[in-house]
Amino acid sequence: MTKLAPVLSAHWDDKDSFTLEGYKRHGGYTASAKALAMDPDAVIQLVKDSGLRGRGGAGFPTGMKWGFIPQGDNKDHYLVVNADESEPGTCKDTPLLMANPHVLIEGCIIACHAIRAKHAFIYIRGEVTHVVRRVNQAIEDAYAAGILGNGIDVVLHIGAGAYICGEETALLDSLEGFRGQPRLRPPFPAIAGLYARPTVVNNVESIASVPAIIKNGAEWYQSMGTEKSKGTTLYSLSGHVVNTGQFEAPLGITLREILDLAGGVRPGHKLKFWTPGGSSTPLFTDAHLDTPLDYEGVAAAGSMLGTKALQIFDETTCVVRAVLRWTEFYKHESCGKCTPCREGTWWLVQILRDLEAGKGTEADLAKLLDLCDNIMGRSFCALGDGATSPITSSIKYFRDEYIAHLTQGGCPFDPVASTLFTGAGA
Amino acid sequence: MAYTDEDFQIMDSIIKRYPRPRSAIMPLLHYVQSKAGYVTNEGIEVIAKVLQLEAAEVTAVSTFYTQYKPTPVGEYHVGVCTNTLCAVMGGDAIFASLKDHLGIGNDEVTAEGKVSLEHIECNAACDYAPVVMANWEFYDNQTVESAKDLVDSMRAGNPKPPTRGPNKLVTWKEASAVLAGLNDGLAHEGVQAGEPTLLGLKLSKEGK
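Keeping their order, the protein sequence lines are chains A and B. Numbering-wise, the first sequence is residues 1 to 426 according to the numbering used here. Numbering-wise, the second sequence is residues 1 to 208 according to the numbering used here.
Isolated chain A (complex conformation) (with noise of 0.2 Å):
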């Protein structure tokens, strides 16, 4: 059985946890202080050692990516932290951001120091006031202090309703002032990212790692987690279960032990599919229950690790809604860009809703699966990727469950039975 691990949620239920003072008192702003007084190259050598992978999504080495940023060319150089986390099922770096935003504060003051930064951008999508505010007041209050201010800036960008600006692309073009639309890559952000300069992007969880690695040192880290997947990480589950929640654990944790924590599928019911990291990453199945949760592990079962966004249906629901609903929202946020994916996912949306009302024919099944491969890897970001995997994997594990809406002329169940509020007939 996996213990679980809080690291970066260690201190979440002191009631001052995101103040200065409640930061402090468990050592906060030690690390950033030790990361000074080192030589830049030895931070990333650190961060390198401690096998530090993005928790973004896409589990890029930290510590690599650090070191791309070229040194000594006399080009302003940037931090860039994505705080704008959309992505359908995602919900970790809100509640962080929340209790600590400090954290996040010290990550940036030391990869600035390590990529020879002076400005770090936050980019916070722009639906939560709340951590806004704490996150302003934690800026304020780390500038007040000095902390902040003596050679390293740190700016936060509120961002304004657009899932697409969470591609590190789309992202630097909005910060920069412009639509949130993705660039053509090479050459990447590392060589020519905000304004041209080299830029570093990384998620709030991956910098808020930071601190604690610089700190407690790279083999702490390494003792945590599977060969290639180090560290612990926040796994958020929502959905059809007892007790939904964030869970800190060591990389590869199954979801079966941690639907054992959260006290399983909610009673009467069982697990019917799930996502491992979001809504872009292809659906799992109970047979999937003892898959490990690392990046290796979800990738050679079909899917991808991603957010770590553990998002439970069981029996009651329908996969062919959610699946629409899905592709709903790719469509909405599709930026217009690139013609596969602009195009591509408005006639997803066509077909779904029609197979859904039971009005399509089998043969749309075989549409759908065209136009995902006409869709991905054909534009210049993954939205369009993501925008595929709901529907692939899904008429791959519930194939008759499409077909049973055409043979009944629609939807066979009912709505009512997989909400929350729907009492023990459910």
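Think of the hints as simulated: they come from the structure by calculation, not from any bench. A couple of the hints might just be wrong.
[Unchecked claim] Short derived list, chain B residues pointing at chain A, Cβ under 10 Å:
no., residue
1, P21
2, M26
3, G113
4, D127
5, Q192
The C-beta atom is built at its ideal place from N, Cα and C for all residues, glycine as well.
Since the structure of chain A is already known, use the hints to place chain B on it.
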């Protein structure tokens, strides 16, 4: 409405946050909403002027982002998450009942201007589903009844407080100022975390 010298000073301080002025366009749009309640033509012109851009360039940015409203919203703008997980767990039922209860559709405002309604996408609180937002503050674990009570309290001029947020719900314009990056001094109010956020930590302390 006229923009005062103080408004221009605040806009100037927003621009100075960034190495390049154009980066300030998004907080300035939030600021315009804090003054007028939505993105007015006048607001577009003012931003264009202070950033030395064409109004069309500002409009192009404004129309890309759904939080910038081209028409007035209510004093309390209510968003019901109808992305898959919240929808399945009750968001669809909540949204349908609020439309019926308020007598308005998606993106519409009640006649007296108090409440507007929008179906929203995932708001990063799935462990608190079904989620309703008001002026982008969290109302967690909602039911059809609790959501109706919430909008009734808004219409009565005494809105219920958010579950994770300040002690009192601020207005749409006041929230827009916060999103422009202006500090309203309320960061210390409200809980540091709700129960689901703390579940793993609690179990860990029990030896799990």
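Here's how the hints hold up against the structure:
With 10 Å as the threshold, the beta carbon of P21(B) comes within range of chain A, its nearest partner Cβ sitting at about 8 Å, so the hint holds. With its C-beta approaching chain A no nearer than about 6 Å, M26(B) sits inside the 10 Å limit, and its interface hint holds. For G113(B), the interface hint is violated, since its Cβ never comes within 10 Å of a Cβ in chain A; the closest pair sits about 20 Å apart. A distance limit of 10 Å between C-beta atoms decides the matter here; for D127(B) the minimum to chain A is near 4 Å, and the interface restraint holds.
With its C-beta approaching chain A no nearer than about 5 Å, Q192(B) sits inside the 10 Å limit, and its interface hint holds.
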